[in-house]
Structure formats: C-alpha cells, structure tokens
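Chains X and Z, in that order, are what the protein sequence lines are. Counting from 1, position 20 in the first sequence corresponds to residue 20 in UniProt numbering; the numbering is continuous, with no gaps. Counting from 1, position 294 in the second sequence corresponds to residue 294 in UniProt numbering; the numbering is continuous, with no gaps.
No lab work stands behind these hints, which were simulated from the structure alone. Positions of the beta carbon are idealized from the N, C-alpha and C atoms, including for glycine. Do not rely on the hints blindly, as some may be mistaken.
To be verified - Rough simulated footprint, nothing fancy, chain Z against chain X, three-plus residues with beta-carbon under 8 Å:
#1 205-216
#2 247-260
#3 267-281
#4 285-291
What the hints assert, rightly or not - In silico lysine to any residue, SDA-like type, Cα no more than 20 Å apart, as pairs:
#5 LYS116/Z - VAL286/X
#6 LYS28/X - LEU128/Z
#7 LYS28/X - ASP119/Z
#8 LYS116/Z - ALA33/X
#9 LYS116/Z - LYS177/Z
#10 LYS28/X - LYS116/Z
#11 LYS21/X - LEU128/Z
Claimed, not checked - Among chain Z residues calculated to face chain X with C-beta under 8 Å, some are:
#12 THR25
#13 ALA35
#14 ALA42
#15 ILE49
#16 TYR52
#17 GLY130
#18 VAL131
#19 ILE134
#20 GLY189
#21 ILE190
#22 ASN193
#23 ARG290
#24 ALA292
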Amino acid sequence: MNNNYEPRIEPRPNIERVLDKSFYWMAKAFAFAIAGILIWITIQVALKAMPAIQKFGLGFLSTSSWNPVNSQYGVWPAIYGTLVSSLIALAISVPIGIGVAIFLSEDYLPPAVQRIIVFLVELLAAVPSVVYGLWGIFVLIPFLKGFTPLRGPGMLPAALILSVMILPTIAAIGRDAIINVDQGMRQAAVGLGATRWEAILQIILPAASSGIIGGIMLALGRALGETMAVTMLIGNSNKVDTSVFAPSNTVSSLLANQFAEASGLQVAALMYAALILFAITLVVNVLAQLLVTRLQKI
Amino acid sequence: MSIKTVKESDFDVVNLKRNPTSPRTLFGLIMSGIAGLFTLMAIIPLFIILTYLLTKGISSLSASVFTELPPPPLVEGGGFGNAILGTVIMVGIGALISVPIGVMAAIYLSEFNEGKAADLIRFATNVLSGVPSIIVGVFAYSAVVLTTKTYSAWAGGFALAILMLPIIVRTTDESLKLVPQDVRQASVGIGANPYQTILQVVLPAALPAIITGVTLSIARAAGETAPLLFTALFTQYWPNFDNMLAEPTASLAVLVYNFAIVPFKNQQDLAWGAAFILVLLVLITSVLSRLATAKRTY
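Model the full assembly from the supplied sequences, consistent with the hints where possible.
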C-alpha cells in the first residue's frame, strides 16, 4: 500500500537560498558602508584641501595670518585656541566628572534617586550645542562680565560652556568603569581594613583607570571638535592671546564662520584646517576607543 | 608547627570601633562631601538652563510663531514656521537614508556576528560617532553642495544622516542582542530561513527598542547646527518643493544661531522660542526612551 503520509524532506527552493544569500550580503555591504563613510570623508576632505596643502605645506600649522586679500593662510591661532579651550575645559570637568562618577557608583543615595541623577547628567549631554551657545551669550557672558575683566565673548566663557558639555561623557563612562570593577576587589580591600575612600582611591580607581582615561579622551575629542557653542562665545579673533579674557578662535569656529562665504584658495585652506581637526580628533577617538574597549573585555 | 589560638587579649578591641575623630574617618567624610558637592555642581547648569528656556522660551511662543515666516529686524510678530518645516524635511531625509543602512548594519553585527569583521565595524561606528559635526558639514559641502552646485535640503539631510547613523547602529545592535537566543532557535527549529528568522521574529521583538533609538537620533539631529551651516544654509522663505528642495532651507537650529548673534530683540526672542522647542524635543524623547526600554517583549 502506498503511504500518502510519508514525510518528504525537500531541498530548499533556489529562490529562498538566493534570498538568504542576498539578505546576508546586503547586511554586510551596509555594515562595511559605515567604515566606507569614514574613508570617504578622509579622501573627500583631503582632495579638496590639496591646493592648500601644496601651497602652504606644514608651515600652515605655524603661520598666524589669515588673510584672504593676499591669500596668506595659517591656522596657528585656531589650533592654539582649540587646544587651550579644550584643556581648560578638561581641567574643570575631569575632577568634577570623576567626583560625580564616584558619588553615583557608591551607595550614598537610594537606587531610585541615583537613577534620576544619572538621567539628569545624561540629559546635559543631549541639550543641543546651539542652545548652550544661546544661553552663554545672554546669561553666562553678562554674568562673568560682572566680576572679571571680560569685556565680551572670549576664551573663558567658551571654555566654561565646553566643560559643562563634556562633563556628562566623563561622568557616565567613568561611572560605568567603576561599576564594572570586580566587587571582590572592594570586599578584599574593606576586609583588610580599608575605609571607603581608601578602597576607592587605592583599589577601585586604579582598577577602573583605563575606562576613566578612555572617557576623558572621548570628552577631549568632543571638546576639540565642538563648534556651535564655542563659535558663539569665543569671539572669533584670529590672534594668539594668552589671556583667558581675550577673544580667541578655534579650528571649528574658523570653519563655521568663514566657510559659507569662502571661495577659491580660501575654501582649500579651510578644508586643510578641517583635515587637521579631523586628524587630531580621529587620533584622540581611536585611542579612547581602544581604552574603553579594553575596559569592556575585563 | 603549632596552631596559635587567637585570644581577645592579643589585640586591642577598642581599635575595632569606628573612631569619629581619626584622620582616616575625617578624610573619608571630607571626600564624600566633595563628591556630593561636585554632583550638585554638575546638575545645577541643567536646571539653570532649563529655567531660562522655560521663562524666556514660553513667553515668546504663540500660535502665529508656528505658521509665520521669520520677521525682518525690528518688526513685531512673525515666527519660524519655515524653520520647523525645514527641520522636519531634513531630519526626515536623514532618517530615510540612515535608518535602513543603520538597521541592516546592526543586523549584520548582531545576527551574522563574524568576529573580526564585526569588531572592525563596531570600532568604525564608534569612531564615526566621534567625528566632529562640523567636519561632517565640511564633507557634505564638498560631496553634495559642490557636486550639485547648490545649497539644498538634500545636502543638509545627507549630513544629518551621517550623524544619525552611529546612534542608530549602536541602539539597534544593543536591542537585537537583548532578544534571547531561544527565540532564534525556536524560529529555526520550526523551519525558518535565516532571513525569515531575522525579519519576522527577531526584528519585531526588538522593534520598540529600535524605534526608541531612531527617535533619539532624530531628536539629536534636530538640534544639530554645524552640519547645516553650509549645506542647507538658511532662508527667510518657505522650503520650495517646486524646485525639488534644491535651495537653501531654513532650520530651527540655524535660526537659533542666526538670531542669537543679532542685536534685535524680536529675533532674539524667536531664538529663545526655537531653542525651547529643540530642548523640549530632546527632553520628551529622552524620557520616552527611558520608559520604552524599561519594557521588553521577551
């Protein structure tokens, strides 16, 4: 008798195999597109910067004049301003950020309150940069004018706003790093008679250091490239002035101010400046990523 | 070797009590106080900025603000209807480009997890998220504006897409990882192909979290100013659909910047109103995403 119910295992229809394969390749192609975009950005900006690179070479980095009239371009004041504003911001936000990270990873507060404060700190990072700039112009600068020699926009308000903007990065990544430290280490330290802060300073912070430093580097990357708030507050003066009350300039604010009206060699010079900023932030970010990824693997 | 028994007289029992005046205790108290103070200092700026936005922002909002065009200096009334529409259009273009690429890339990372290649893409995603937004603007200018020879909403949307991409990849990747392995195995067990498993089982399960990530990236993109400065520029007029949007296009973020640096009271008020809307958008999406990620399908 012929059995109608004999189970038959058919090979998958060809169309399904093709669908499967093409789905896989599409996902893979889009994933590699992300790496492709990074390369595309580099090539595109470098190509457009070529005329300026050929004309000015590395002297571009150390020249201080920015003069579209006789086509003399140099970015030293902008690089100086970028580095100084970022370093001042770091000097303020690193101690505060690590303090926040410690305070929010210890049991000082009930977990519910702790979560809310973590959320508020993260919110600080979500406020658009241009809103910080607006607030800086109408509130921070008039406030600072009251008791400092500041006469208008300048390095100090720009660096202060930057420190507020990068604080959440340092606090959030630092807190993650501290929480990820093996509880056994803390217990061992306390078991040996360490107080809370002896355990924090001598055991936990050193153990979490690669994550914390990674967070600081990410914050540095953000500070170096931050544009709107800085452009609105720093005064955009293309001179090197060592006073923090004087107006200054950063690479990103130079781009924001001049790009729309630039033409010819000036565009190439701006592209060159953008390429330098891109290279600096890329190095900082890659180092930061390596440090933070090492943290996740522990 | 004999085992020595510990007697109470072997050590000073008094020493085990917490001594409130010992330098170690005092040091801990002071450090705790400093950490708490720093946490307070970190969230104070948020409240100050929110207070200013509430008082200055709300008072400058009215119904006409959402429907009228920006006023010339010193003219009463007017609004930023064109900027709202422009922001919606450009963020929409950005989402249309970045959501398919980002979700597919994340599917590759999480579902076809291929060791080194996936690590490389994750690394590239993190580095891309650290690229300064002004550099993305410069890139979009040279890739789109110079090629099409016009400032346009498309160039702006393209720049925003690059900024949204890393956020979408990261949140989608994380939400796909949260779908339990059992669900995938069950799907394969009843005869589904890989693409059927992913598209009909895994993706729907992760959908709420993915939508949350997309919403967050939209809120961030809406506040981005630097990439629009010389891609979409700004205009006093409505977006022109007859010309396929190939014209300068207004946006809320650039409006805040342009009107913050002019000395005219009516335009400054509009800047506060637009800033209030941008922050409200970020605030609402952040809170919603917190609530949404609390619930999970599986």
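Outcome of the hint check:
1. 205-216: That given contact is violated, which follows from only 0 residues of the segment 205-216 of chain X lying within Cβ reach (below 8 Å) of chain Z.
2. 247-260: holds (count 5)
3. 267-281: As far as the segment 267-281 of chain X goes, the hint holds, because 6 residues have Cβ atoms under 8 Å from chain Z.
4. 285-291: holds (count 4)
5. LYS116/Z - VAL286/X: Holds, at roughly 17 Å.
6. LYS28/X - LEU128/Z: holds (18 Å)
7. LYS28/X - ASP119/Z: Given pair LYS28/X, ASP119/Z holds - Cα atoms ~13 Å apart, limit 20 Å.
8. LYS116/Z - ALA33/X: Cα-Cα ~16 Å, so holds.
9. LYS116/Z - LYS177/Z: holds (18 Å)
10. LYS28/X - LYS116/Z: holds (13 Å)
11. LYS21/X - LEU128/Z: violated (28 Å)
12. THR25: holds (7 Å)
13. ALA35: holds (4 Å)
14. ALA42: Holds, about 5 Å.
15. ILE49: holds (5 Å)
16. TYR52: Because about 6 Å separates TYR52/Z from the closest Cβ in chain X, which is inside the 8 Å limit, the hint holds.
17. GLY130: holds (4 Å)
18. VAL131: holds (7 Å)
19. ILE134: Since the shortest Cβ distance to chain X is 4 Å, the answer is holds.
20. GLY189: Status violated, d = 15 Å.
21. ILE190: violated (14 Å)
22. ASN193: Result: holds, 5 Å to nearest chain X Cβ.
23. ARG290: Holds, about 7 Å.
24. ALA292: It is violated, given that the least Cβ distance between ALA292/Z and chain X is near 14 Å, above 8 Å.
Taken one by one, the earlier hints fail for this structure at numbers 1, 11, 20, 21, 24, listed in ascending order.
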